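2 protein chains.
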Amino acid sequence: MKRLMLLAAAAALCTFQHDAAAASVQPQAEQMSELPPLYADELARAKNFVDEMMAEGLVVPLPKDPGGGYTHEQHKRNYKAIYLGGQIYRVTGDEAYRDYARDMLLEYAEMYPKLGDHPAKANQNVGRLFWQVLNDAMWLVHAVQGYGDIRDTLTSAERAMIDDNVFRPAAKFLSVDSERTFNLIHNHATWATAGVGMTGYLLGDRDMVDRALLGSDKSGETGFIRQTELLFSPDGYYTEGPYYQRFALLPFLVFADAIERNEPERKIFEHRDGILLKALRTTVQLSYRGYFFPFNDAIRDKSLKTAELYDGIAIAYAQTGDPSLLSVAEFQDRTVLSKNGMMVASDLAAGKAKPFPFKSLMLSDGPEGKQGAVAVLRDGPTNAEGEPSTALIAKNTSQGMGHGHFDKLAWQMYDNGNEIVRDYGAARFLNIVAKEGGRYLPENETWAKSSIAHNTLVVDEKSHFDGDVKLASAKAPSQLYFSDADGLQVSSGRIAEAYPGVLMQRTLIVPDIPGLEAPVVLDLVRGRSRDAHQYDLPLHYSGHIMEFDFAVDSNVEARPVLGEANGYQHIWVDAQAKRDDGKGALTWILDGRFYTYRFAGNGPIDVVLGETGANDPNFNLRREPLIMLRASRENGQASFASLLEAHGKYDGAAEQTVASRSRVADLDHSWIEGVDIVRLTLKSGQRFAIAVSHQPDPEAAHSVTIDGETIAWTGFAAVVALTDEGN
Amino acid sequence: MKRLMLLAAAAALCTFQHDAAAASVQPQAEQMSELPPLYADELARAKNFVDEMMAEGLVVPLPKDPGGGYTHEQHKRNYKAIYLGGQIYRVTGDEAYRDYARDMLLEYAEMYPKLGDHPAKANQNVGRLFWQVLNDAMWLVHAVQGYGDIRDTLTSAERAMIDDNVFRPAAKFLSVDSERTFNLIHNHATWATAGVGMTGYLLGDRDMVDRALLGSDKSGETGFIRQTELLFSPDGYYTEGPYYQRFALLPFLVFADAIERNEPERKIFEHRDGILLKALRTTVQLSYRGYFFPFNDAIRDKSLKTAELYDGIAIAYAQTGDPSLLSVAEFQDRTVLSKNGMMVASDLAAGKAKPFPFKSLMLSDGPEGKQGAVAVLRDGPTNAEGEPSTALIAKNTSQGMGHGHFDKLAWQMYDNGNEIVRDYGAARFLNIVAKEGGRYLPENETWAKSSIAHNTLVVDEKSHFDGDVKLASAKAPSQLYFSDADGLQVSSGRIAEAYPGVLMQRTLIVPDIPGLEAPVVLDLVRGRSRDAHQYDLPLHYSGHIMEFDFAVDSNVEARPVLGEANGYQHIWVDAQAKRDDGKGALTWILDGRFYTYRFAGNGPIDVVLGETGANDPNFNLRREPLIMLRASRENGQASFASLLEAHGKYDGAAEQTVASRSRVADLDHSWIEGVDIVRLTLKSGQRFAIAVSHQPDPEAAHSVTIDGETIAWTGFAAVVALTDEGN
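Chains as they are written, first to last, in the working numbering: chain A, 75 to 801; chain B, 75 to 801.
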């Protein structure tokens, strides 16, 4: 608490007060000239935007278009103008901005009462100003903040006009007419409760505030407080994934900031062990080079440089003074015009920033942290932002509601600045009218959500839980083991319910292997059942094929489709191979680096080299390569051991190529008494075993004898040097 | 000349002399500490490289591997070490580097005399140290420079050993045993003559020098001097294209620099109106964002940041003092350890750099400039390097010898930092052993060189000149017109011999059209013949399809191949359309920008939407999209008018999309009395005509009446405003 007090004091010293009363106090010129650069830029950017809007005059069109359409974008521009206009007035005292925000709101006061359901209504969650109620909530969250900055300076007639014809009915629309959405435990409800609650504080409407905090019935079983308890895991992971987490964070933090100002006794930022601030840090951890891991229905171009996070970082910094948040703001090169933003900009200018501690971590999922987890394994040299070059993500989380994908035990990997093992994200072109009005595309259901679109085990060509979100939401994987030990990071997960009677287990290991470059990833996947099944293990990689060590039948003159349904219909088959020994290797290049994927199955393996884009008449899908391993097992027992090896360098400018071929000569996998033994023979003759006991006890000693060699180690897993070949 | 004298004087003031005599003079510590940053970095980089080599000891393996293989790369590292070792010794006086270079050369003296043809011989141009003689020439060009820096300090026994067992036999191998290559008018011969000539100067062997300058028979019909007259056009364009031009420039400029030092009376840099320096500037002009236009057999990752140009820029700067060359060196962030490099580094540190004047220009091709031309039309806001954002290239050049592609009248366009309309370049993975040992791939012949692989007109599914390089080399297109007029840039070219009895003509215009963003490109293509023909016009674009305004038959479940041969066998057909009115439009997105390609044919057009990669069992081709327009014309008369319109913006971070759809409502093309009239109707109702008289006279007045509207203009072409729709 002491730190908080100090910060509060520091904040108080700021030139600009957040309460409207002081808004008319015009800052002195020298004060303006002394603004820290980031804040000054923000102010200039805001003025620039609002000035352009003012030049266009007040444009408040009758709602008509869906996302991306003209009226949609105009109402977005309008709420941004009200929000910024109010802030600029508070900061500069320039009444032109106050008047503009006021007049804009008076225009809405004219129109709003006449509105019914939006004409571009797409489902039951219809809005008034926008095609979906979510956007109406976003409008309110922004507009009410701008209104708060000017309201005290308006005439009582103006206030009444705006209060009664815009904010009260808008709050009523969200919390009463749209009660179904309002009482969900879902980020859409977070936006709605935030808008309604902040409106309540501004209008001094206790009832409105209580409904926002505790739900329509004020029972507390829904509403904002409950959302902070159910939507984040104890580790601050948001069940829908980082793309939605950063989206949900804005209303969470902005409303929390308002609660803190209006009801500090609620200690909202300490609620549930400071879950909201924890959630913000977690959001940053779930990114690579600034871009969020594209779990579930994610738009891939979303990065930390997103409006929702500027306010969040500023609020969190004001609450904690954590200097690593300053480096996030520095990366964003943005802040907000609140006193929190001023604090961020000042301390950044004072050189107080420290690198954000990107690290390996395991984040439990579920309100009690009992619905699986996501494991992030980071490794390698760090860049300027202090971020390691390699990040492997094991997604052993729950379904993540309606935007969740059927991707149990899936993984992803980044290296050398690129996504090497891919997650497709959402099939959607946000706000691009030509693509279904910017909404989710049909291929989001037929491809993006399907299991085969992910790096996971697919049984009998069906998606996990047969693609049923209800079933999927009932059962989550379990995280069996996690270790961030240097040189031997591990994540192991399991799920028994993705397919009836099939136990799926995956262990991912990032070991240091003498003689190999980093990263090396060992992937152990097992499917166990009493019944015969077909097991498919796709790897969606990024790059151009250099070579493979198996003979293929190529479909070079007519390209068939892999399957009929569940995503298989979207895969072109370039080539197929039969590997009786279950072994093979594929090498590709990406951005001057080579990657070899080497696999060994417990019996014959069919290999498919394919590309996405089949059955896609509207060219909605990206065309991306994949390799799929298929094991048809009469006894229902399938295992895949594969090694992803990064190696070498291609420098086109220098015309230099180094180590373009794998340094591994052979990969051999055995499963003995519940123990996985993977033996590697390097071309140098060096031999190593990666032994996995699957026993978490770090002290427990294990020993296995195989082909006359005894391999001994302690703990869950180990890299054991074997006698070199020829010795 | 006065400027040259001054510069010579300035050079003389440099701390470091180029003649070996002064090499033993150790520079004072303070002098070393005063090295300009770029030079100091270069010295550190060179030391770092040679120190590593010295740590490994002398490794001079018997030649065995092809390009990219171990012995190939080792001998490349060795000549680099000899070259840099000598330079470091000259600069620092540190004898360890002298001794290392000497001992390395003594190792070669042991081995070289025993060598025969390289075991990885691929064709008749076999080398000794390398699989092709070209690399042996490169070895000599570098090694002789390093040797030159230390030779005077060696014992006469050492000199004799190295002279007689390495340099004389190497020069003999290149100029006598490999006389065929040596006497070519080709960049391979430039490397050979440079190596032999510089060896001649060093060993004081007049005969060697004369053979290098004038060819084996000293007639002057071949040899270095003749190469400077035949390999560049009067505008300094090198017929093989920029990728080879930058490669050829090193021996041209390095040898010229040696000639200037040894025989200043030859005034080599003034020879043919200063062609060598002109060629260097032209090379820089033929790049976008530092990357060379990938004409012909080009490796796409080649940029100005390439070893061959560091020396060239330094030599040219020493000769001219042109400050815009400093900004090229600044972009390269590299220089060389010669006194020229010192001059570049010093003046750069002194802040003398000026932006390089990237501009629209026409470069004639052919020794007399009569074999066509390449036109570069640049436009748009400039970046930090002063380079315009848009560059359109019309390639109306001659074939460009064996590495030339059958791409008469082809074009390319860059915008917003990306290649929007593509040239495939070479099908080759340089030095990557798995890909045919890093040599050209079979697909270089079957795809990369073919006409259909380029943005040009293809008749009856055959390549230009039926793919016969001899025929192709005999006839070049003619550049009919060129204008870099602001707001209406034009290039027009024609060729009558690419197909018997077919006249091909293409006019590319970059106009400013009120109401449209820039760039807008109008492409007018005409094929004229007395006989029936099928005319195909492919556009190889970069991006993801957003929409098209025509109904298609989609091949979504089995993907057929477009044709049998001449590159058609490598094209998958995704969809086909029949347009009886000959009209249609396709919109794609790339890097947040939208592009709409709108076309109108003189009659029915078949449209193919396709992707490369068919009949490619080894995955040697990149998979890239194309749209192809097909006009089957009984009367042999085909015309295609198309408009490429850049528009809008997609900002994933801000979730903002603007103008994702074309602003053009209709495109209409007429051909009246030898005049092209393209009428544009914008969605705003605005109407414009782009009128093309094809008459170069800027004063000549033209007038055409069409649909009751009279369109009048003067000169070759004009944008004429028409009465708006509805007025």
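Hints were generated in silico from the structure; no laboratory data involved. Among these hints, one or two may not hold up.
If several chains are the same, the list does not tell them apart, and a pair holds so long as it fits within one copy or across any two.
Unchecked claim - With a straight-line Cα cutoff of 30 Å, these simulated BS3-like cross-link-like pairs (lysine-lysine) come out:
id, residue 1, residue 2
1, LYS150, LYS757
2, LYS150, LYS549
3, LYS757, LYS195
4, LYS292, LYS246
5, LYS154, LYS379
These numbers were taken from a predicted model, which means no experiment stands behind them.
Okay, which hints does this one fail, numbers in order?
Violated hint: only 2; rest satisfied.
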